[in-house]
Every structure is written in C-alpha cells, then in structure tokens.
Amino acid sequence: MTPPPLLEARGIKRRFGNVRALDGADFSVFPGEICALIGDNGAGKSTLVKILSGADRPDEGQILLGGQSVAFASPAAAQARGIATIYQDLALASELTPFENLFLGREELRPGVLGRLGFVDRPSMRRKAAEQFARLGVRLRSAHVPVSSLSGGQRQSVAIARAAMWADQVIFMDEPTAALGVVQTGRVIDLIRGVRDQGIAVVLISHNMPQVLAVADRVEVLRLGRRVARFDVADANVNRLVAAMTSGTADHGVPA
Amino acid sequence: MTVAAPFHEAEGEADPAMERWGRLLGGGWIVLLLIGLVLVFGLLRPAQFGSTYNLSMLAVNAAILLVLSVGQTFVIIAAGIDLSVGAVLVFASITSAQVMLHMSGAPGSTYGTTQGGWGVVAAGLAVALLSGAFWGAINGILVAVARIPALIVTLGTFGMALGFAQLLTNGVDVRAVPETLVEGIGSGAVAGIPMLVLIAAAAAAVGAVVLHLTRFGVHVFAVGSDREAARRAGIDVRGRLIAIYTLSGTLAGLAAMMSTARYATTTIGGHALDSLGTISAVVLGGTSLFGGIGSIIGTVVGVFIPIVLLNGFVILGIPPFWQTVATGAVLILAVWIDQLKRRAREHR
Ligand SMILES: Nc1ncnc2c1ncn2[C@@H]1O[C@H](COP(=O)(O)OP(=O)(O)OP(=O)(O)O)[C@@H](O)[C@H]1O
Ligand SMILES: [Mg+2]
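Protein chains in written order, with this note's numbering: chain V, 8 to 263; chain Y, 80 to 427.
Next comes chain V alone, as it looks inside the complex:
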C-alpha cells in the first residue's frame, strides 16, 4: 500500500509563446522521500518546479497538496504551506552572516517592548541557527563571517539548511550540485539525505545519473513537457534512465 502523494501535479500545461514548456505534465512526490526529477535540457523540469513552488502559474492543470487542490499565488504562499525551493542561483544575501540568512524575512524579535519596537533577538537566532546547522551536520568555520566568504559548497549548505528550517513538507532543489567539485558535492548529497531523514520530502533535479541512482528513492522522467516514466530506484539503472529521457520509452517501472 503506497501512501497518497504529498504533492501532485496533474495535466500541467505551460506555454511561452510558441514553446510548449509543459504539455500536460504529471508529477508526484511522496512524504519523506527523495524524488529525482530528470529529463533532457529543455524538458520542462525548471518550469514544473517553478509552478509547484509558486514562482510561476500553469495555463492549465491541477496541483494537489495532501489531496486538496491548491493554487499558489506566490513563492511566499507556497512557503506558508511548507514548500521551499533552492534556486540555481541560491538567493542568499551575500553580505549577511549564515544565521542572518537563515532567518532572513523571518527575524525573531526580542521579547517585550523592545520587540514591539522591532528590535531583533540576535542571540536567540544565532543559537537556533547553530542548532539547525548541528542537526544537519553542517560545520561552518564561523557563523560570523558574511556568506560571500564561504565556499560554494558551504553556501549551498546554508541555503539548504535555511530551506529545511522553514519548509516541513517539500524542498525543491534545482541542480544543487551543478557548480560544485567532487568533495563538496558529496557533502551536499549527505546533507540532502539528512533533510530527508528529518521527514521532509526532497525533489532533486539533476543531470548526474550516478548521483540520481545513489541518492534518490524514486525517479520521475520528463520529456518534451510530459512525464514519460517513473521508477523505483531499485528498478532503475543508467541505461533505463537515459532511454526514458531520450526516447520516452519506459521499458520498466510504471509507464506514465
């Protein structure tokens, strides 16, 4: 018995001029799993993620969260329902420290009158950020230096820790390791597992097939704006994934 999907897309269509970026795409992600979303360049992965995270709106189709139909007016609306996105360009405030970034837009205020005047509670935010980093095994050299002085991998870790702090349902990650070296990629992958183990579902877009097979629980394949295959990772291998991506034939797994 599989549980019902946590977040589901049905028949999503999205055109940009003459380009049918999504042409009736389906997608589902289940609670507490890492789901890889793969597909060739231009298959519509980023567009789908933008629609599911409130950054873009579909022309047609339905989004279901916990079985209920939803329409996100903005990323903030999706965030309020526990859905966060890690964008390819990170979106951290580079001159602020890691803890300030974790709480950006959700600063804690001091108790009492000072709080009502808008005074922020830095010690409390610093403590909670340190707890969050410790929980996810992120070790930063210093929590007091601006994010711009961290390495690419550390910045990605701050972005993921930030998302995991505020999203309790799903985190979308669009190619989170694309710009990283081997060592840093390994650490980010460990971090993604850590997030999943906290009970948050992760949707991972990646072009790196061995990585997908190593980290994902399930794989959904998008081609020309439609889902063409879905696999349990146990049934998948690089050849099958590539075949599904390029020709849309699912010789295995669940045909879409």
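Please note: incorrect hints may appear among the correct ones.
[Claimed, not checked] Covered stretches of chain V, going by a simulated chain Y footprint (3 or more residues, C-beta under 8 Å): (1) 81-89; (2) 113-123.
[Said to hold, decoys possible] Label-pair ranges, simulated between beta-carbon atoms: (3) V:242 to Y:313: 39 to 45 Å; (4) Y:216 to V:175: 35 to 41 Å; (5) V:150 to Y:110: 33 to 39 Å; (6) V:77 to Y:315: 19 to 25 Å; (7) V:38 to Y:414: 48 to 54 Å; (8) V:124 to Y:209: 19 to 25 Å; (9) V:135 to Y:132: 49 to 55 Å; (10) Y:268 to V:138: 50 to 56 Å; (11) V:115 to Y:398: 51 to 57 Å; (12) V:134 to Y:398: 56 to 62 Å; (13) Y:114 to V:121: 31 to 37 Å; (14) Y:110 to V:115: 27 to 33 Å; (15) V:47 to Y:416: 46 to 52 Å.
No lab work stands behind these hints, which were simulated from the structure alone. Backbone N, C-alpha and C fix where the C-beta goes; we use that ideal spot for every residue, glycine too.
Got chain V sorted already, so can you dock chain Y with the ligands onto it with the hints?
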C-alpha cells in the same frame, strides 16, 4: 537520524593573516586616520586646536552634514545613492521658513528675526520634515516601483527640489526667522554642549540603533546585499526602499531646520552640493557603494575627517584649498581599500 559527514572545509578557508589585514584596513584604518589627525594638530597647536571653543566649533560644523549623512548611510547600505539631500534641505528650509514667516505675521521682505514663539518653530519643523519626507518618498517610489536607477532619480529630484525652492522665493533667501529658533537652537547650548551638536548626536544614535539592532535595519542590509534574495525571502523590498529614501529626505528636513537656526536665514546657494559631502563621508566611513556593508559610527568618523583636516590646515596656515585635495585623495583611497577587501574575500 543520520548526521551528515563533518563539513569542515580546508578549501573554504581564507588566509587568516590576509583576513585580519582586511578587517583592520576595512574597519579600523579610517578611525586611526582621524585619531592621527587630531593628535598631529593637537600636538602642533595645542592651544588653538585643542581649545574648548575650537572643538565645539568643529562639532557644530559637523552637525548638519552628520544628520544628512545618517540618511545617506541607510541609502548607500541599501545599494542606492541620494544626490538630492542638499537640494531637499534647501527646499525644506524655504517652505518651513516661509510658513514661520507667515505665522509670525511679518511681511515677506522682513530682515532679521521675527517674534514667532515655540509654536511657530514647531510648525516650521513639521513643515520641514514633511517637505523632506515628500521628496524622499518620491525618490523611493521612483527607485523601487518605476525601477529607475537611483543616480538618475535623485539627480532629477535634486534639480526639481532646488528649482521649486527658487520658484517659491524668486531665488531670494528668506532672511527673517524666529528669534526663538536662532537663539534656542542655532546658538543655544545645554550643559555647554551646543544644541545643534546634541540634535545631530541624537539623530546619529537613533540611526545607529535602528540600523544595527532592528528588523528594519537587517532588511536594509539584506536589500543592499541582494535585492532578489531579499524579495524571495519574503521581504517587502519596495516598501523598504521607499521607507529608506523617505528617511533620508526626512533627515534632510531636520537638517534644514538646523541650518536655518544656525545661519538665521535660508541658504539657497549654500547647501545644494552637500550631497557630495555626505556621500564622501559615508564612503570614508567604510560603507560600501555596492551595498550590504556599513555602519553609522563609520559615517560619524567620515564626517569629521574633512572638517578636522580643514580646521587643522587653517590653524597651521596651510592654504585651506589643500583640504579638498586631501579629502579627495582619502576618498579614493577608501574606495580602493573597499574593493581590495571585497576581492580578498570573494576569492573563489
Ligand atoms: N520564461 C520563459 N520564457 C520563454 N521560454 C521559456 C521560459 N522558461 C522556459 N522556457 C522554455 O521552456 C522550455 C523548458 O524549459 P525548462 O527551463 O523548464 O527546462 P529544463 O528541463 O529545466 O532544462 P535544463 O535541463 O536545461 O535546465 C525550454 O524550451 C525553454 O526555452
Ligand atoms: Mg532547468
């Protein structure tokens, strides 16, 4: 729960010695420069430079520029620029002086001081603050909503505010202001400290608290650091930008009252280029023109550098024109060091 592998990255470390230098140069050197200047002038001419009168005049000279520079600090940390503050000061001083003159019942051609009491002064202050806030809000809306570059917006409102000020008066200064204002604020003092200095110190202190301790302050840094990141984090970037420019305009309104109190007249020709002085003070104080970095305390130091230089040169008999040369050179040095600092940090 699995804990991920340790995340300590050797490749992520900046050279600590390099970093220490960067911090010293970035934060500390301008303070050291100011202390050095004060020491040199103080040792060379202790009687003149160190006299209570001279020091208090230094502070009075800095007061108006400091109030303007506090607003400019917010704007520049938010990755903007406000070229209009000097012209907004002139505009606000004209509107407020005209209202005070009218309320005192004196004709427009009056010279000297009028009999208006504190009520008239309070009304004048309200008009000055509102006039400043008005231009600031226009700047903010054009920058945040119409997304016109701040340099152009504030260059435009610089010309408009100055032009309207001249239209309102046919280019002639309002030369009669309430005696209460001139005596009480312009040359008044509490416990030996000039009122103008107290007002400026209060503005700087409140500005520092708001910038460094409140949520609004955090958002100023966030907007300046990365507007898009701030927006995605749910910060109302437009609202914040409008508030920041409005704050700068309002402080220009306060500075307008201080100027009127000090000189007992409006000064159409005297303040328009103050904007450049504030920008150089803010940048000297370690605030980055790229946004996201800065402090009010730095700006306080940055305001005093050119003023102490000028004062020292005059006392030492060096032609005062050298002051602008020296300030210009220090300014370029400050920006250069800021860039070195950034390059050292963004090493990847
Ligand atoms: N804002 C846009 N305006 C016009 N066309 C767009 C826009 N966004 C996406 N497209 C087009 O839609 C199609 C799908 O793009 P999308 O970015 O979703 O693909 P992707 O699967 O993420 O590709 P990649 O693997 O290269 O990141 C592409 O043909 C792209 O050019
Ligand atoms: Mg993409």
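Q. Is it true that the C-beta distance of residue 135 (chain V) to residue 132 (chain Y) lies inside 49 to 55 Å, as the hint says?
A. Holds - the Cβ-Cβ distance for residue 135 (chain V) and residue 132 (chain Y), about 53 Å, lies within 49 to 55 Å.
Q: Confirm or reject the claim that residue 134 (chain V) and residue 398 (chain Y) have a C-beta distance inside 56 to 62 Å.
A: Check passed, 57 Å falls within 56 to 62 Å.
(Q) Is the listed coverage of the stretch 113-123 of chain V by chain Y valid when you require three or more residues with a beta carbon under 8 Å from a beta carbon of that chain? (A) Coverage by chain Y holds here, the residue count being 3 at a Cβ distance below 8 Å.
**Q.** Beta-carbon spacing of residue 115 (chain V) to residue 398 (chain Y) - inside the hinted bounds 51 to 57 Å or not
**A.** Hint holds: Cβ distance 55 Å, inside 51 to 57 Å.
(Q) Assuming the hint says 33 to 39 Å, is it satisfied by the Cβ distance from residue 150 (chain V) to residue 110 (chain Y) or not? (A) violated, 26 Å
Q: Determine whether the Cβ-Cβ distance between residue 77 (chain V) and residue 315 (chain Y) falls within the hinted range of 19 to 25 Å.
A: holds, 24 Å
**Q.** Distance restraint evaluation - residue 114 (chain Y), residue 121 (chain V), Cβ atoms, bounds 31 to 37 Å
**A.** Given a distance of about 33 Å, which is inside 31 to 37 Å, the answer is holds.
Q: Evaluate the given range 35 to 41 Å for the C-beta pair formed by residue 216 (chain Y) and residue 175 (chain V).
A: holds, 39 Å
**Q.** Assessment of proposed distance window 39 to 45 Å (beta carbons of residue 242 (chain V), residue 313 (chain Y))
**A.** holds, 40 Å
Q.
I want to verify a distance hint. Is the separation of the beta carbons of residue 110 (chain Y) and residue 115 (chain V) within 27 to 33 Å?
A. holds, 32 Å
Q.
Holds or violated: the 19 to 25 Å window for the beta-carbon distance between residue 124 (chain V) and residue 209 (chain Y)?
A. holds, 23 Å
Q: Please count how many residues of the stretch 81-89 of chain V have a CB within 8 Å of a CB from chain Y and say whether that reaches 3.
A: Coverage by chain Y holds here, the residue count being 3 at a Cβ distance below 8 Å.
Consistency with the previously given hints fails for number 5 only.
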